[in-house]
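Visitor: Read off the chains here:
2 protein chains.
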Amino acid sequence: MDGDVEQPMLAKGPPSHRERHFTAGEVVRDVIMGVSDGLTVPFALAAGLSGASAPSSLVLTAGLAEVAAGAISMGLGGYLAAKSEADHYKREMKREQEEIIAVPETEAAEIGDIMAEYGLEPHEYGPVVEGLRRNPQAWLEFMMRFELGLEKPDPRRALQSAFTIALSYVIGGLVPLLPYMFISTVQDAMLTSVVVTLLALLVFGYIKGRFTGSRPFLSAIQTTIIGAVASAAAYGMAKAVQAR
Amino acid sequence: MDGDVEQPMLAKGPPSHRERHFTAGEVVRDVIMGVSDGLTVPFALAAGLSGASAPSSLVLTAGLAEVAAGAISMGLGGYLAAKSEADHYKREMKREQEEIIAVPETEAAEIGDIMAEYGLEPHEYGPVVEGLRRNPQAWLEFMMRFELGLEKPDPRRALQSAFTIALSYVIGGLVPLLPYMFISTVQDAMLTSVVVTLLALLVFGYIKGRFTGSRPFLSAIQTTIIGAVASAAAYGMAKAVQAR
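Taken in sequence, the protein lines are chains A and B. For the record, in the first sequence the residue sitting at position 135 is 135 according to the UniProt record's numbering, with numbers rising by one throughout. For the record, in the second sequence the residue sitting at position 142 is 142 according to the UniProt record's numbering, with numbers rising by one throughout.
Think of the hints as simulated: they come from the structure by calculation, not from any bench. Take these hints with a grain of salt, some might be off.
Given that identical chains are not distinguished, each listed pair holds provided it fits within a single copy or across any two copies.
Stated by the list, open to error - Using 25 angstroms as the maximum straight-line C-alpha spacing, the simulated SDA-like pairs for lysine to any residue come out as follows: (1) Lys-90 - Ala-158; (2) Lys-94 - Pro-216; (3) Lys-90 - Glu-151; (4) Lys-94 - Ala-82; (5) Lys-239 - Glu-92; (6) Lys-152 - Ala-102; (7) Lys-239 - Gly-213; (8) Lys-83 - His-123; (9) Lys-83 - Ala-228; (10) Lys-152 - Arg-210; (11) Lys-152 - Glu-92; (12) Lys-83 - Met-144; (13) Lys-90 - Gln-160; (14) Lys-83 - Pro-155; (15) Lys-90 - His-123; (16) Lys-83 - Gln-160; (17) Lys-90 - Ile-207; (18) Lys-83 - Phe-163; (19) Lys-94 - Lys-152.
Note that the structure is predicted; figures quoted are calculated from it, not measured.
With the hints as extra help, turn the sequences into a complete structure.
Guide: Next up, the structure:
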């Protein structure tokens, strides 16, 4: 699993058939992102408001409203950002294609520049340049990847990713809020929420660490600390506003 | 500006001196991200709560608490994510280095595989492979970039980025909340907040479009729509909870 989540997996094969496969790893990454955020801000908001003596109904109102707004913002925002990247890729590809047609010598020289960065001599990379020039489609894809560093985005991923992140945010956000729905005293609800959420943050931080290949225990602690600090900040702010 | 924000700018030069420069474009991107989120969720939460007849003090309490929690979550979370990426890069680099030493033939064959994807023949890329093998440091950097697609992260960027995003989120969040601090009637405050924030979303969406090279007017409309939909969701949720 080491590093799987962070590397886009490219299909090996002729460039004209290269597509960026969506992998289970990418869905997992979206879930991790959504749940992480959902576990943190709604929790902090609820804990902060409870600590500042707000009634249960209010904590729930604010908390669930935030989850709704946050899910929409992440989901729609993520979707539009992905579409924007896809448009950007198309525009850059078109421009690169025009340059290959209009000023091939300049483009060929750019391949040389890239190769030269690795200490390669013209007589060493010359045949590569010639080979690419023979195959304009491959040349174009080479420039997209190695000059511009752009991966071809999968249009279906945008929608899927947005939906996954938004849904994960909702699930993450419900964890700290459910106690307020079922426990009548706000102090008891808050205590339950804190315990349940901190446990969830620990577990989730650990899972996150495993999937991203970083140290899971460290990740668990860090994730939990972020939740704790965010809550403290929300609590402090709520108290400050109430003191006005 | 087209595409500037999205491409990391690599310093051209000998690989051993290559570093990922932090550019004004990256700071701008962080500001855009932070302000976008700050303008959306706090606005939606405040509008949703106001619309569901919460008193001004409550809207402010919840709104500012959310801004505090959100800024911490984005800032700390972003910082730790960047550190985690930097650790991941170091680990992958170490592993790649060990492979180059232990199984150079396999690694050399991998260069060939990458080249072959672009229709290049062994006699064309052979000299490149030999050239890289001569220079293990350059070979390592070539594999990092072209096999794994990883850019060397700048450690200072993590802290700077986190701080920028968090501060931007706070600034974005204050825009919809300031009216509630200075206007006593919650309906008037909400109306002012809605007008001011929708204008801000339009302007900001436009600026975002300019910097990312996508159509600015479209970006302005989309950004504003996200804010509107998120508010509607927050309002609907707040009403639903109050109706329990």
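Visitor: All the hints need checking, so say for each whether the structure fits it.
Guide: Cross-check of the supplied hints:
no. : hint              : in the structure
1   : Lys-90 - Ala-158  : within (15 angstroms within a copy, 30 angstroms between copies)
2   : Lys-94 - Pro-216  : between (43 angstroms within a copy, 20 angstroms between copies)
3   : Lys-90 - Glu-151  : both (11 angstroms within a copy, 22 angstroms between copies)
4   : Lys-94 - Ala-82   : within (18 angstroms within a copy, 32 angstroms between copies)
5   : Lys-239 - Glu-92  : neither (50 angstroms within a copy, 46 angstroms between copies)
6   : Lys-152 - Ala-102 : within (23 angstroms within a copy, 33 angstroms between copies)
7   : Lys-239 - Gly-213 : neither (39 angstroms within a copy, 43 angstroms between copies)
8   : Lys-83 - His-123  : neither (42 angstroms within a copy, 40 angstroms between copies)
9   : Lys-83 - Ala-228  : between (35 angstroms within a copy, 20 angstroms between copies)
10  : Lys-152 - Arg-210 : between (28 angstroms within a copy, 22 angstroms between copies)
11  : Lys-152 - Glu-92  : both (11 angstroms within a copy, 23 angstroms between copies)
12  : Lys-83 - Met-144  : within (18 angstroms within a copy, 28 angstroms between copies)
13  : Lys-90 - Gln-160  : within (20 angstroms within a copy, 31 angstroms between copies)
14  : Lys-83 - Pro-155  : within (7 angstroms within a copy, 30 angstroms between copies)
15  : Lys-90 - His-123  : neither (33 angstroms within a copy, 33 angstroms between copies)
16  : Lys-83 - Gln-160  : within (12 angstroms within a copy, 27 angstroms between copies)
17  : Lys-90 - Ile-207  : between (36 angstroms within a copy, 21 angstroms between copies)
18  : Lys-83 - Phe-163  : within (14 angstroms within a copy, 27 angstroms between copies)
19  : Lys-94 - Lys-152  : within (13 angstroms within a copy, 28 angstroms between copies)
Consistency note: the structure conflicts with the earlier hints numbered 5, 7, 8, 15.
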